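Trainee: Place chain E on chain X using the hints.
Sequence order for the protein chains is X and E.
With UniProt numbering, the residue at position 102 of the first sequence is 102, and numbering never jumps.
With UniProt numbering, the residue at position 118 of the second sequence is 118, and numbering never jumps.
Check before you lean on any hint, since a few could be wrong.
As the list claims (entries may be wrong) - Some but not every residue of chain E turned toward chain X, in silico, with C-beta under 10 angstroms:
(1) 41
(2) 56
(3) 59
(4) 82
(5) 198
(6) 202
(7) 296
Claimed, not checked - Listed next, the in silico DMTMM-like pairs over lysine to aspartate or glutamate satisfying Cα-Cα at most 25 angstroms (straight line):
(8) E:90 with E:132
(9) E:90 with E:100
(10) X:194 with E:100
(11) E:82 with X:82
(12) E:137 with X:313
(13) X:68 with X:98
(14) E:90 with X:82
(15) X:194 with X:180
(16) X:296 with E:57
(17) E:137 with E:123
(18) E:137 with X:312
(19) E:137 with X:185
(20) E:137 with X:82
(21) E:137 with X:43
(22) X:361 with X:82
(23) E:82 with X:397
To be verified - Residues from chain X shown here face chain E by an in silico Cβ test under 7 angstroms; the list is partial:
(24) 84
(25) 85
(26) 86
(27) 95
(28) 100
(29) 176
(30) 180
(31) 181
(32) 187
(33) 188
(34) 191
(35) 268
(36) 281
(37) 293
(38) 295
(39) 311
These aren't lab readings, by the way, just hints derived from the structure by calculation.
All values derive from a computational prediction rather than experimental measurement.
Even for Gly, the Cβ is constructed at its ideal location relative to N, Cα and C.
Okay, here's what each chain looks like letter by letter:
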Amino acid sequence: MKKVLFAGVAASAMIAGNAHAQDLMFAPGDGDFHWDSYQAFADANDLAGQTVTITGPWTGNEKERVEKVFDYFEAATGATVEYSGSDSFEQDIVISAEAGSAPNLAVFPQPGLAADMAKRGLLTPLPEGTAEWVAENFAAGQSWVDLGTYADQDGNDQLYGLFYRADLKSLVWYVPEAFEEMGYEIPESMEDLKALTQQIVDDGGTPWCIGLGSGAATGWPATDWVEDLMLRTQPASVYDQWVTNELPFNDPAVIGAINEFGWFARTDGYADGGAEAVASTDFRDSPTGLFELPPKCYMHRQASFIPAFFPEDVEVGTDADFFYFPSYAEKDLGNPVLGAGTLFGITSPSDATNTFLEFMKLPIAHEAWMAQGGFLTAHAGVNTGLYNTDSERAMGEILQGATTFRFDGSDLMPGEIGAGAFWTGMVDYTTGASAEDVTAAIQSRWNEIK
Amino acid sequence: MENIAGHKPALTWVTRICVLVLVILWLVPTVGLFVSSFRDRDDISASPWWQAPFPTEQTSAARISGEPALVDDVYVLTGNLKDGEEGIGKITAFGVSRSDPTGIVAGEETELRGGGTLVVNADGSYEMRTPEEPSDKGQRVYFAAEVPPEFTTDNYERVLYSNGMAQAFINTFTVTIPATVIPILIAAFAAYALAWMQFPGRGLLIAGVVGLLVVPLQLALVPLLRLHNDIGIGQSFVGIWLAHTGFGLPLAIYLLRNYMVGLPKDIIEGAKVDGATDFQIFTRIVLPLSFPALASFAIFQFLWTWNDLLVAKVFLPSDSGSWVMTRKIADDLLGSRGGDWGILATAAFVSIAVPIAVFFLMQRYLVRGLLAGSVK
Chain X
1 MKKVLFAGVA
11 ASAMIAGNAH
21 AQDLMFAPGD
31 GDFHWDSYQA
41 FADANDLAGQ
51 TVTITGPWTG
61 NEKERVEKVF
71 DYFEAATGAT
81 VEYSGSDSFE
91 QDIVISAEAG
101 SAPNLAVFPQ
111 PGLAADMAKR
121 GLLTPLPEGT
131 AEWVAENFAA
141 GQSWVDLGTY
151 ADQDGNDQLY
161 GLFYRADLKS
171 LVWYVPEAFE
181 EMGYEIPESM
191 EDLKALTQQI
201 VDDGGTPWCI
211 GLGSGAATGW
221 PATDWVEDLM
231 LRTQPASVYD
241 QWVTNELPFN
251 DPAVIGAINE
261 FGWFARTDGY
271 ADGGAEAVAS
281 TDFRDSPTGL
291 FELPPKCYMH
301 RQASFIPAFF
311 PEDVEVGTDA
321 DFFYFPSYAE
331 KDLGNPVLGA
341 GTLFGITSPS
351 DATNTFLEFM
361 KLPIAHEAWM
371 AQGGFLTAHA
381 GVNTGLYNTD
391 SERAMGEILQ
401 GATTFRFDGS
411 DLMPGEIGAG
421 AFWTGMVDYT
431 TGASAEDVTA
441 AIQSRWNEIK
Chain E
1 MENIAGHKPA
11 LTWVTRICVL
21 VLVILWLVPT
31 VGLFVSSFRD
41 RDDISASPWW
51 QAPFPTEQTS
61 AARISGEPAL
71 VDDVYVLTGN
81 LKDGEEGIGK
91 ITAFGVSRSD
101 PTGIVAGEET
111 ELRGGGTLVV
121 NADGSYEMRT
131 PEEPSDKGQR
141 VYFAAEVPPE
151 FTTDNYERVL
161 YSNGMAQAFI
171 NTFTVTIPAT
181 VIPILIAAFA
191 AYALAWMQFP
201 GRGLLIAGVV
211 GLLVVPLQLA
221 LVPLLRLHND
231 IGIGQSFVGI
241 WLAHTGFGLP
251 LAIYLLRNYM
261 VGLPKDIIEG
271 AKVDGATDFQ
281 IFTRIVLPLS
291 FPALASFAIF
301 QFLWTWNDLL
311 VAKVFLPSDS
321 GSWVMTRKIA
331 DDLLGSRGGD
341 WGILATAAFV
351 SIAVPIAVFF
361 LMQRYLVRGL
371 LAGSVK
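With the rest of the complex left out, here is chain E:
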């Protein structure tokens, strides 16, 4: 360490370690969800996800019954606990009462309450000897055995192949794409005007837009829906596009305006001197240079509309043909009282697949847009 001169390398390492720790911290819940999405509901409540890859010792119950053989006036019943049961490893202990299900080490003999003896071996084979004929119901026996880890794709099958999932997926796209494009179109024009055109009241207008950022959209749900009903849009896809546009505009305008204001003044003034109209400046110069800001807002808006449940419930018709994916998951797959963690985790992964893909695609454009800005 001493031969590295200066503080910088050490600082770099500290930064790197910090970043690494943060990344791990952020990833832990996602990994947990991912592992849980491959597990059965009962497994999820039985053991935590970080123990999922390892075999666990589980206590199970079985019944010993069958046709006993009579040997020297004693009824002898033999068999194997593993018969008909899959995925049971070595048996370590057994018992004959619920309150003490693993009190006897495998291979040792125990007395039964009704008289007689029972022995269960590590390989699952057992021998029960009773002086009287055992009842048809059979003898309860409890045993602890190693159970190999079990993963299943059932959750994914249930989520992906449930009725109407494809329709919900298409509906989500039908909502999301226009709800991302429309506000960007409007906001780009507005942002240019607010950044580079001189007109009275501009400052107030900007302040107004910033002020709208703090208005919670929940406040607008009822009046907006009433308005839609009055003007005949009602609950429809057009209605939700307008709603998302309205809710997204303040942030879009604010973000784009701040970015556009920061563009080099010389270029725009130069263009004006050369006789370019505002529209030409906007389309030829400002818009291409603002690409990174447009892309980053598009990501924001896309993610928010993709994940939205509330606005979709209010502004879309409630029949299952116009459900978006979030509604399909919350109202149909999870059932009336929730608690199905496997489905929840799986649904989360299915629904983030598209946003992740979009993010990685847009990230490429983000970098390209930045480069274009610097090279001019």
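Looking at chain X on its own, in the form it has when it is part of the complex:
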């Protein structure tokens, strides 16, 4: 014990300006973290007395966790990081940037807003060489570069966003014990998943819990379904065209994907409570149906963050688990993965800010949160052994092993569509409107804003 302590003290003493070193979660030198690059970074940079201000959407315990990551930056450079989280980040950042009191960095929960701010000249491009670095060091690197590249005021494409923390959306959550008792197998293909859905109904159960409610954002869980099914019925290139509206919203390909979703959500007996309940159930309450006795449903398709809304005593890995939302065996489209992520953008440039972004490229910046749980990363250079739980490691591996990674399409579409017409359209569809009518209405809205 004493030996470890000494090693920790010795290692931390090596770091320049280690004012906060004693508060660090894991003493430098301990565990399988990438300490070497951190050490080199600490030796090369001294920012004593400088401050980096950051604002983002992480509040509550996510704020606590990310602040522990920032502690490492403070310990290495002697700079101070002031992070503030906001529940209404999207409005706050626009107001403060417009008024000229923006922090150095903003953490955007989706690229749409960052692209919008870049276009209005409120963002500063990332330092040169960042694009090459991301392309090389992230799994499916080029797609992350593309997602962070937006047109500036003059219409020139520049890299504005560095992705940090990803969410995985193509997951189906289930209760292993329930599957075991009923003798159900994890489906390997979409065909199997559909057969399982029918089998559960034949056995007298309800296969799916789907909830679209989310206050003003009601409808977004359905857009994730459609995007996932779009990737499973069409090649990724068609998906890209759909997101940019090169492929009209009312194209048969999109209507097909929406009707696939309808097969799950609108078929009698497939979703708990029927289509009406699907539209009105809150997405946060929806997964609890898995854990009720008798179960209200057996499967729930939702992103990697959903365990936060499981009942308190549910342990992920034993009481609940997930499988990859499978692709069609008959269609040769590989294993596409749908995800989302948060990105850092510069709202007020400074030298310390650039150094901070250098720090965010280090494996340790990712590993320090991985080890605390609730964090996935596309950074290929991290030690995946550091993931907090086995299930997070499995998700991290899905992310890193994706043949095709596509970002949540509704986040990439213009706000009016992706955070408006698409959401409400999906609610209309779920409650009985036809896919043709709904998509035609969304397309005409899109034509209006072009």
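Mentor: Quick look at chain E alone, frame taken from chain X:
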């Protein structure tokens, strides 16, 4: 009923019943919040608040495991489901599969899938007989039992003792008190001038103030913050006092002016005849008589600034040391994705405690102010 003469008593009763119904209607959500604030997050989603005081029948799961005794070539495992579990009442039914967790009445015997039998009694005791040694994992058993109502003060502990709550409380006062006093001071002077002093353009000025009432404050956020940055106030408490003052003034002036115009003309003209200056009339006569209007506006302004989240987010620095209570609740206690109803309800009650106290205190002054006006 017939011996009560006239319509009036009947009408009084109708009014009273209507008032009673309205009061109940208004109180229902508050009572619901109050009950929810004492409940656990999982309880809130499991049963509605009006069922909270009654015992409910809940289905739970347990595992039967342990060292079996070998009796006549049969492994017998006995025990009690209630062991180690608190607050479980009488067991009414049980089952061995998730899809039918309460299919067997307590006390009856059931066959197990892997062979053998299981019986669970109402008091929780069970006996499992299997021809083969049961696995270490144990046998899953589901049971329905009466669960007594459960209330907890955990939510209040979390809200009241969370880090920085005291600071946020003080910050809210730091914002609220000047943001209530400053507009009243300015508006009282302005209202007197607009009501009793003759000068050209007075009508237009009043129309302008009324017109400002309809301007949404959201429109002013960006320009005002930019102005604050330019003149060096930046994001600070001074900035938010000025902002709240500006946003509150139109209503304050409008309200006070309308009240002051209605004061008896004779008194003010009498004072003028006696040689009182406008300032003397204002401080000696108009201000004391306007007390009810001042108090009612103070209540309005206090409540609005107390509950405000948007203006505080824009005009105060974003570090947690200058968070007001609303921001502390929304951005810190509720977490990233909301949905924690217990905390939400509790936070609501904690944050309305002060406004309620203020309302009751001011109500006394309201009545006194009214009386002072009538007695003269």
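Trainee: Determine for every hint whether it applies to the structure shown.
Mentor: We went through each hint and held it up to the structure:
1. 41: holds (7 angstroms)
2. 56: Since the shortest Cβ distance to chain X is 14 angstroms, the answer is violated.
3. 59: holds (4 angstroms)
4. 82: Nearest chain X Cβ about 18 angstroms off; hint violated.
5. 198: Violated, because the Cβ-Cβ distance from residue 198 of chain E to chain X comes to roughly 41 angstroms (cut-off 10 angstroms).
6. 202: At 35 angstroms from the nearest chain X Cβ, residue 202 of chain E fails the 10 angstroms test, so the hint is violated.
7. 296: Violated - the Cβ of residue 296 of chain E stays beyond 10 angstroms from chain X, reaching only about 31 angstroms at its closest.
8. E:90 with E:132: It is violated: about 31 angstroms lies between the C-alpha atoms, which goes past 25 angstroms.
9. E:90 with E:100: holds (19 angstroms)
10. X:194 with E:100: Within the cut-off at roughly 24 angstroms; holds.
11. E:82 with X:82: Violated - the C-alpha atoms of residue 82 of chain X and residue 82 of chain E are around 50 angstroms apart, more than 25 angstroms.
12. E:137 with X:313: Given pair residue 137 of chain E, residue 313 of chain X holds - Cα atoms ~19 angstroms apart, limit 25 angstroms.
13. X:68 with X:98: Violated, at roughly 30 angstroms.
14. E:90 with X:82: Distance ~55 angstroms between residue 90 of chain E and residue 82 of chain X Cα, so the pair is violated.
15. X:194 with X:180: Status holds; Cα separation ~18 angstroms.
16. X:296 with E:57: Within the cut-off at roughly 17 angstroms; holds.
17. E:137 with E:123: Since the Cα atoms of residue 137 of chain E and residue 123 of chain E sit roughly 24 angstroms apart, the hinted pair holds (cutoff 25 angstroms).
18. E:137 with X:312: holds (23 angstroms)
19. E:137 with X:185: holds (21 angstroms)
20. E:137 with X:82: violated (49 angstroms)
21. E:137 with X:43: Violated: residue 137 of chain E and residue 43 of chain X sit about 53 angstroms apart, past 25 angstroms.
22. X:361 with X:82: holds (19 angstroms)
23. E:82 with X:397: violated (42 angstroms)
24. 84: holds (4 angstroms)
25. 85: holds (6 angstroms)
26. 86: Nearest chain E Cβ about 6 angstroms off; hint holds.
27. 95: Interface hint status for residue 95 of chain X: holds (6 angstroms vs cutoff 7 angstroms).
28. 100: OK, holds: residue 100 of chain X within 7 angstroms of chain E, min 5 angstroms.
29. 176: Since chain E brings no Cβ nearer than about 11 angstroms to residue 176 of chain X, farther than 7 angstroms, the hint is violated.
30. 180: Hint on residue 180 of chain X: violated, closest Cβ of chain E at ~9 angstroms, above 7 angstroms.
31. 181: holds (5 angstroms)
32. 187: Result: violated, 19 angstroms to nearest chain E Cβ.
33. 188: violated (23 angstroms)
34. 191: violated (24 angstroms)
35. 268: With Cβ-Cβ at 19 angstroms, over 7 angstroms, it is violated.
36. 281: It is violated, given that the least Cβ distance between residue 281 of chain X and chain E is near 12 angstroms, above 7 angstroms.
37. 293: Check passed: Cβ of residue 293 of chain X comes within 4 angstroms of chain E, closer than 7 angstroms.
38. 295: The hint holds - residue 295 of chain X has a Cβ within 7 angstroms of chain E, the shortest such distance being about 6 angstroms.
39. 311: Holds, about 5 angstroms.
Comparing the model with each numbered hint stated earlier shows that hints 2, 4, 5, 6, 7, 8, 11, 13, 14, 20, 21, 23, 29, 30, 32, 33, 34, 35 and 36 do not hold.
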